[in-house]
Amino acid sequence: MKKPTVELKLPIIPNMELIATQTAEVIARHMNLTEDQSGEISMALIEACINAFEHSKAENNVYIHFLIEENSLVIKVIDQGIGFDKTKVEIPKIENKIGHDERKRGWGLQLIQELMDSVEFESNNEGTTVTMKKNIK
Amino acid sequence: MSDFITSVKEMNGITLIETNGYLNNVGGEEISTICYAKMGEGQTKFLINMAGTKIVNSIGVSILIEIIEKLQEVNGKIGYYNLAPIVSKTFNIMGLTKYSTVFETEELAVNEL
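Chain order of the listed sequences is A and B. For the first sequence, the numbering used here assigns the number 1 to the initial residue and increments by one for each residue that follows. For the second sequence, the numbering used here assigns the number 1001 to the initial residue and increments by one for each residue that follows.
Hints may contain errors.
Simulated pairs of lysine-lysine, PhoX-like, Cα-Cα distance not exceeding 20 Å [said to hold, decoys possible]:
id, chain 1, residue 1, chain 2, residue 2
1, B, Lys1009, B, Lys1045
2, A, Lys57, A, Lys76
3, A, Lys76, A, Lys86
4, B, Lys1098, A, Lys93
5, A, Lys133, A, Lys2
6, B, Lys1045, B, Lys1077
7, A, Lys137, B, Lys1089
8, A, Lys88, A, Lys57
9, B, Lys1089, A, Lys93
10, A, Lys93, B, Lys1070
11, A, Lys133, A, Lys76
12, B, Lys1009, A, Lys133
13, B, Lys1077, B, Lys1009
14, B, Lys1098, B, Lys1077
15, B, Lys1089, B, Lys1054
The hints are simulated quantities; they were obtained by calculation from the structure and are not laboratory data.
Could you put the whole structure together from the sequences, leaning on the hints where they help?
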């Protein structure tokens, strides 16, 4: 049987990431995920959407696919922006930001990786797909 | 007052700011505007009641880091209470808890900041 999926197409407009989190909350309840797991998914999703909206320089829509699997929820956030090289993204540390000129932002990837069970990035000059998985425990 | 900042009051020399809704860049700027105005009046202690803020993003939280940095220049302090678990976890991941304090309740926050 085909796995159930939910697909969203979000225009690049401020706060559209909240539509994605509302959808994620409904799916999390359907899957009987805990409140903590649901919160972690929403937070990771917000950060992935913001990256797609702001950093990808995508001009069109951002697509989000929720794949409901037997033992996990897989979320793909897809943009058609300029792509990025993950090896060039530094791991942020607050010690380097407070009292220094370093910009205070740049936490998105770190949060996504900490909050989800696995994260994969596929990126080239035609866009980026972030695939995030939360296992059912 | 805005939709996001629902109350600003003072107690025991501490400015208490109550928020409601999504802490994003706009919400973060609203908090910083109040903090910097109060700092201009000599206030150095701030508490944020986040009971109404169930969700945040890293841009909004980064503005709290800017406030922490400015408070360090005047030996000031900032703390937060009534945090949702995911907000508390986000603050931990980003390291805010190394430079500011999360309290369980307003009473503890006001007494211990």
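Consistency of the hints with the structure:
no., hint, in the structure
1, B/Lys1009 with B/Lys1045, "12 Å, holds"
2, A/Lys57 with A/Lys76, "18 Å, holds"
3, A/Lys76 with A/Lys86, "17 Å, holds"
4, B/Lys1098 with A/Lys93, "11 Å, holds"
5, A/Lys133 with A/Lys2, "18 Å, holds"
6, B/Lys1045 with B/Lys1077, "5 Å, holds"
7, A/Lys137 with B/Lys1089, "19 Å, holds"
8, A/Lys88 with A/Lys57, "17 Å, holds"
9, B/Lys1089 with A/Lys93, "16 Å, holds"
10, A/Lys93 with B/Lys1070, "18 Å, holds"
11, A/Lys133 with A/Lys76, "9 Å, holds"
12, B/Lys1009 with A/Lys133, "43 Å, violated"
13, B/Lys1077 with B/Lys1009, "16 Å, holds"
14, B/Lys1098 with B/Lys1077, "12 Å, holds"
15, B/Lys1089 with B/Lys1054, "12 Å, holds"
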